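Colleague: What follows is the residue order along each chain.
2 protein chains.
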Amino acid sequence: MPEPEKRATLADQVSEATTSRLSVYLRCLDQLAEAGVATVASNTLAARFGLNAAQIRKDLAHFGELGVRGVGYDVEKLRRHLREILGLDRTSRVGILGAGNLGLALADYSGFRDGFEVVAIFDTDPAKVGRRTRRGITVRHIYELRETVAREGIHIALIAVPATAAQDVVDLVVASGIKAILNFAPGALRVPPHVKLKSVDFTVSLETLSFFLASDRDGNQP
Amino acid sequence: MPEPEKRATLADQVSEATTSRLSVYLRCLDQLAEAGVATVASNTLAARFGLNAAQIRKDLAHFGELGVRGVGYDVEKLRRHLREILGLDRTSRVGILGAGNLGLALADYSGFRDGFEVVAIFDTDPAKVGRRTRRGITVRHIYELRETVAREGIHIALIAVPATAAQDVVDLVVASGIKAILNFAPGALRVPPHVKLKSVDFTVSLETLSFFLASDRDGNQP
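Sequence order for the protein chains is A and B. Going by my numbering, the letters in the first sequence line up with residues 1 to 222, in that order. Going by my numbering, the letters in the second sequence line up with residues 1 to 222, in that order.
Check each hint, because a few of them may be wrong.
Remember, identical chains collapse to one label, so a pair may be satisfied in a single copy or spanning two.
Claimed, not checked - Taking lysine-lysine pairs in the DSSO-like style, the calculated list, with each CA pair at most 30 Å apart, reads:
#1 128 to 77
#2 128 to 58
#3 196 to 58
#4 196 to 128
#5 128 to 179
Hint data in this document are derived by calculation from the structure and do not stem from the laboratory. Since this is a predicted model, take the numbers as computed values, not measurements.
Only chain A is shown next, with the shape it has when bound in the complex (with noise of 0.2 Å):
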């Protein structure tokens, strides 16, 4: 029997830069959708959202010939192909690692889209533990992790615990057999090859609005 060839997945061949570019489109043709707009060329698309129609083009032409010339795309139909692509036809099942502030913020955030949903919450805290957020999740001891994740199909963890525990907090996500991670604490991480890891990094963010006021001071000094 010959050896199953190693495919080569998707996310090897498309850069990070690009999935995120798509769900920006995605989030335009939603609106688009709601308005009830059928067709939209790339130069449309560009123009109405501040985009660039010739990336746009570039970005879906990845995944084969969504348009036609002179038309444009077919809002629904590309909408249901990007959710695709982007993995948002199944709904991936999110646990959150700290039950502080910014967890219970995570647990109730309206923003996550279908294709989201939070079903468990972990701490170490006993005083946390037991309680339950506003949509009605029990906060459970990081004990039941592995046990948890295992019984609810966990697919993401959102790390929102203090920098200092992060680390180890990521090793017991990792070892419960959790293969994406999105962490919000400060601090680098590390986590082995098989496993992706994003963080959200709030300073990056603001060093950039930093440097906008401090070049604008400047450059309005005589």
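Based on the hints, put chain B in the right spot on chain A.
Modeller: Okay, now just chain B, sitting in the frame of chain A:
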């Protein structure tokens, strides 16, 4: 008398992607400084932190000759220089709009580097106004925004209100004279051209993970 020339600011010449990378370099240099490293070559910096050496050299070249060929960058000098470029040599005073879980989490966030100080937090809920955050900042009513911004010299606003209230709150923030806004509410917001708005979008990051999981799943299927 001649018209004063309209000087292009640094922010006009340097892309946001570059600014974000400068923040990342600064963080790496902070770690090197802490470890007692005095000089570092771009190749070493790149290898150690998973960055691109050519990109580092190109980014830093925007700001004059900062390294010595064959020796590398003086860690302390480059840190100081990057802090100046990013406007971190002065403290930016930050106001938070919204004293819910997210606003309180941001008020306590330990990841903000020196260079930022949260000095005020606002809400409209009478049950929240007058309370104090863990770090001792009293929640004010948003009616006091304009006066507080002027008195406290607030430069940056963080928007941590529900999506439905976000545009109204941003309009108040702009009217109060603030020119830099970091938004955590989902959805698009409008600001006038002289105001810089950055949004922290958890959903795009989550969708990158969902894409990774989906293509991992498909790639592993026979």
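Colleague: Please go over all the hints and tell whether each is borne out by the structure.
Modeller: Taking the hints in turn, this is what the structure says about them:
Taking the shortest alpha-carbon separations for residue 128 and residue 77, neither the intra-copy value of 45 Å nor the inter-copy value of 46 Å comes in at or below 30 Å. With identical chains, the CA atoms of residue 128 and residue 58 are never at most 30 Å apart, being 48 Å at best within one copy and 49 Å at best between copies. Within a single copy, residue 196 and residue 58 get their C-alpha atoms as close as 25 Å, and across copies as close as 28 Å, so both meet the 30 Å cut-off. Taking the shortest alpha-carbon separations for residue 196 and residue 128, only the intra-copy value of 29 Å comes in at or below 30 Å, while the best inter-copy value is 38 Å.
For a Cα distance limit of 30 Å, the shortest separation of residue 128 from residue 179 inside one copy, 26 Å, qualifies, whereas the shortest one across copies, 39 Å, does not.
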